[in-house]
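K.L.:
All chains should be modelled from the sequences, with the hints used to inform the complete structure.
Chains as they are written, first to last, in this note's numbering: chain A, 1 to 279; chain B, 1001 to 1325; chain C, 2001 to 2159; chain D, 3001 to 3347.
These are calculated hints, taken from the structure and not from any lab test.
Computed from a predicted model, the values in this text were never measured in an experiment.
Backbone N, C-alpha and C fix where the C-beta goes; we use that ideal spot for every residue, glycine too.
Any given hint might turn out to be false.
Now the in silico label distances, taken between C-beta atoms and shown as ranges [what the hints assert, rightly or not]: (1) 3084(D) / 1318(B): 52 to 60 Å; (2) 1234(B) / 90(A): 22 to 30 Å; (3) 3341(D) / 2070(C): 48 to 56 Å; (4) 2089(C) / 223(A): 57 to 65 Å; (5) 162(A) / 3291(D): 30 to 38 Å; (6) 2126(C) / 84(A): 25 to 33 Å.
Pairs of lysine to aspartate or glutamate, EDC-like flavour, derived with a Cα cap of 16 Å [as the list claims (entries may be wrong)]: (7) 144(A) / 108(A); (8) 2102(C) / 1319(B); (9) 2103(C) / 1319(B); (10) 1277(B) / 3036(D); (11) 2150(C) / 1206(B); (12) 3081(D) / 108(A); (13) 3268(D) / 3083(D).
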Amino acid sequence: MNNPYIPMPARIEKITTENEARDIKTFDFSFVNNEDKDGFLFLPGQFAELSLLGFGECPIGIASSPTEVGHLLFTVKRTGFVTKHLHRAEVGDTIGIRGPFGNSYPLDLMEGKNVLIVGGGFAFTTLRATTMYMLEHNNRGRFKELTIVYGARSPGELIYKQELWDWEKSTDLNMFITVDKGDERWKRREGFVPTVLEDIAPSSQDTVALVCGPPVMIKFTLPVLQKLGFPPERIFLSLEMRMKCGIGMCGRCNIGHKYVCVDGPVFSCAQLDELPQEY
Amino acid sequence: MKRVESELITNVEELLEDKKIGFFMGYENGSLPLRTSPCFVKEKEDVQRLVWNCFCTNNLSVYLVSLIPELPAGTKVGILCKGCDSRSLVNLIVEKQLKREDVLIMGISCSGMINIDKLTGNLDGGRILEVEENEEEVILKLDTGEQRFSRKDSLYESCKNCTHPTPSVYDILIRVGEHAPKSVCPDPMIAKFRQKERLERWQIFERELSRCVRCYACRNACPNCYCKECFAEQTKPRWFGLSNELSDVLFYHLVRILHQAGRCVDCGACVRACPEKVDLRLFTRMLVDEVKERFDYEPGLSPNDSHLLGVFSTDDTQEFMVEVD
Amino acid sequence: MKHESNERTSFDKSKSFEPKIVAFLCNWCSYAGADLAGVSRFQYPANIRIIKVPCSGRINPLYIVKALYNGVDGVLVSGCHPGDCHYISGNYFARRKFALVKKFLEYVGIESERVQFSWVSAAEGVRFAQIIDKLTNEIRKLGPLTYFRKGSTCKGDQT
Amino acid sequence: MERPMSKECLMYKEDFEEFLARLIEGHSIFCPSGEDISPGIKKVAGREQFALHRGPSHFSFKHYFLPQTERLFSFDMASNKIDASNGELDDNKLVVLIGLRPCDAMAIELLDQVFLQRGPEDVFYARRRRRTRIISFACSEPRTTCFCESVGCGPDAAASADMVIFALKDSYIVKTITQCGEELLNNTGMNLDGVSTEKLGEREQMINESRDRLEKVFTSEDLNGKIMDFEASYWKQICQKCLGCGICTYFCPTCHCFDIVDEVAGSKGRRIRSWDSCMYPLFTLHASGHNPRPTRKERMRQRIMHKFVYSMEQYGRRFCVGCGRCVIHCPVNLDLRLVIKEIAEGK
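P.N.:
Right, here's the structure in full:
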């Protein structure tokens, strides 16, 4: 009976600061013990609890795809007590990881369909994992057309910039990047994600939509998707809740009878409509 | 008590009729014998639920600070206030949490609340059918007979040492009995505790609070504890640990009681709310006596008092300062 | 405080108990008094850890209890003499608060020498050193404050 | 714990004394302390310390299995080492909890669902639960606040008990429920005779008597019929007088929510798990400041919906055993039974 609360040690291999405000960093981990590495099998959309001894734990989405061997990326914004101290960690420090927890995006449902990804701000982490998973050469064939609409408040706030530019050039997917307000060097599209989505108007025919972003973006994106004809059971949201145990016991992350850490974080709009609107 | 109840009900009906108050806060019969429960009366037909007896123990002014902002502007709240409740209410006005015109105070001169534990000591299975009370006695009618208790010695400690049974500030006053305010006699229990040895005092403090399960009922029942974010719930920084280890529990109680210095009116709501029967009054009452003796100040007597720790005087005594000869 | 004097006192620490004392010094008077004591080489025990605060009025009883909870054996709060306060009335308000805090902590059973208050002006370097000396001896006699420190009473750790 | 054919035998007063004495030798025994203060349960050293009390004990037995504070592991921040050795228990003797009422026994059965059956097994809970045997006493004199019948429990419910004892006037009927219960009885080596029909009748009568004393507040059909309406307006009115303290959740035998926090002294520290309550503001406060349950109305609604609606979908069981502790200890006498009745009548 191993104690589910003991974190697995992992070394920080690389830290990249993602935005100009320097409060979003991506950490690249490698497990110290190999059996942890082999045991950590996850799918895009899942999350893990990052544990700093002496400060606590925080639930963060896994930003890398299982296909990126040798990399385990977590993108963390400095907001709370634990994330503040995580941002003080340097390369070579060891922190703890517990997980993987929660369910992944519905890869089987997405099989053989078009996929529309709508992301906003720094919530693009698990969506990046899904994109990398789908772009992987022997996975790409399983999915039809891939459209990504990703936006942030300002050009500086865009994360994974290098990969965004590469995806824009690649023919495997059509990438739309927007910012709420550009600056003088910004040549691409400007405008809120929901309005950009409306202009592009991807067909909802045989398409699954994955949405993840700040609550205000979701509030305005859902009506657009409905207008485009997406049925609730083919729109998927990844929710954020205060979590402590991650294994459905500490009782705090429930929406109705569903626990976000065990039955989520990915829910279809159909499921969410049945649950009480308390999230 | 029936006269008082009918007077109370007619008053409230009048107030509700000519829209003087939005709604009225009083007491209704609880679901358990010997218990009452706060009740919020809006419509006329609910007014019949209002009661008055020697078990109306909750301090209703604890609801005011969170309730009034939610009401439409200009609605007045009627509140039934015993002597101590009205002092808590006035203290809230002094601390600018409440405006006098938002509240219509229906004062009731109180003859002391009965401590239920002293009545239910030896019921051994008997079910309470009915309760009667008069000036000297409280009579319990059980299915296994009758039990009489003298009123004076089954009062709560805070009611035994009550200094202001009649509200000092009110709009309407219902007289229950002649109770002139007495001067603050230092509570004999506190005086006795002071004589004890230092170590014994600490051990009593530790033993008394070792039962605390940190449910925070003492804080949530106290009208003075209205902070939006209590120090006990701050996470940046977290002042003390979450375990029920004795040092965490003592930290919480020490600081909470210190926050009552010059504000506590000794209504006893914290002692009544505690499920573990911790006698917090042994510590909170000390500050009440200290403040009276040192600064001759009693909180909550008039809305235009100034707050004890909000003012100073140049000739405050400072005998406790370190002096070097 | 010269560096080597620190070495000397910490050397004989292993023999006798050396109390840890936190001193909240008001920036305008007491801290300047402490500075004067140091500049003029007045010797006083190195047990105090000085925390500079804008005024003695800034001290919330929460900080005093937090210091004792974190394992400190004594707390001193020192400010300007009444009347000299840079903020005119900071120490007057503080005086009322300290009177009640001191009486309450004493009443509850914490030795009264553990939490002390004093007025030290910027010119009283000598007096500051004497106060610290007196304070440290008193607390050294009392021994460590073990009954309130975090982790001292482990009721919570049931297996 | 499979349930073989239960064996019933009769014990007279002296047999019962002997039975207890033998139990105390072989096992470490805990029973309700009977005082009205926490911890509410105590270790029984001698026969005289065990006494039967009316109705459920002051504090539930939850905190024997799920202590208010529990060390998950210790660590040293300097060396980043984790020490998870939770130290062997004081002695590997079997622990026997005796004197529980059926409602507390059922509460432990519900906690088993959370910590053993649903997700990954909780190591700490499982370790204690596996070495504990439960002897519950049928309830002969329920309190005015008891309503176990209305939520599917009863004065003679077995639930998680290994052995149920019916205390009659001058004798006891011992009924073993599980295999472990039977072993427990056999280990004491008492050879007891069967139960005469006359004694069975006496037991029936005692149980029916205590059933009549139980207040019929609402029937379980009431609950099923009236699925609690999340958007209903009565929630605001019901929760108006709630003070938002944590008494009802800490005293409830089935409330199991906990918080995980690190405590550090110098470079050494420990990660602890301590009770938490959905009635507290920090329970669901996000780091961004958003709180899905900002006011007491949402929190009270969550507490009641979880126990009566959500738990039906998660575990197929109601998470209330009708012990009445939340009714007794509420400072404003906010009675859960009246709340349920009002909701059931669709007020």
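K.L.:
Give a verdict on every hint.
P.N.:
Right, here's what the structure says about each hint:
1. 3084(D) / 1318(B): 52 to 60 Å: holds, 54 Å
2. 1234(B) / 90(A): 22 to 30 Å: Check passed, 29 Å falls within 22 to 30 Å.
3. 3341(D) / 2070(C): 48 to 56 Å: holds, 50 Å
4. 2089(C) / 223(A): 57 to 65 Å: holds, 58 Å
5. 162(A) / 3291(D): 30 to 38 Å: This hint holds: roughly 37 Å between Cβ atoms.
6. 2126(C) / 84(A): 25 to 33 Å: violated, 44 Å
7. 144(A) / 108(A): Status holds; Cα separation ~13 Å.
8. 2102(C) / 1319(B): OK: residue 2102(C) and residue 1319(B) at ~11 Å, within 16 Å.
9. 2103(C) / 1319(B): holds, 11 Å
10. 1277(B) / 3036(D): Distance ~8 Å between residue 1277(B) and residue 3036(D) Cα, so the pair holds.
11. 2150(C) / 1206(B): It holds: about 14 Å lies between the C-alpha atoms, which stays within 16 Å.
12. 3081(D) / 108(A): violated, 41 Å
13. 3268(D) / 3083(D): holds, 11 Å
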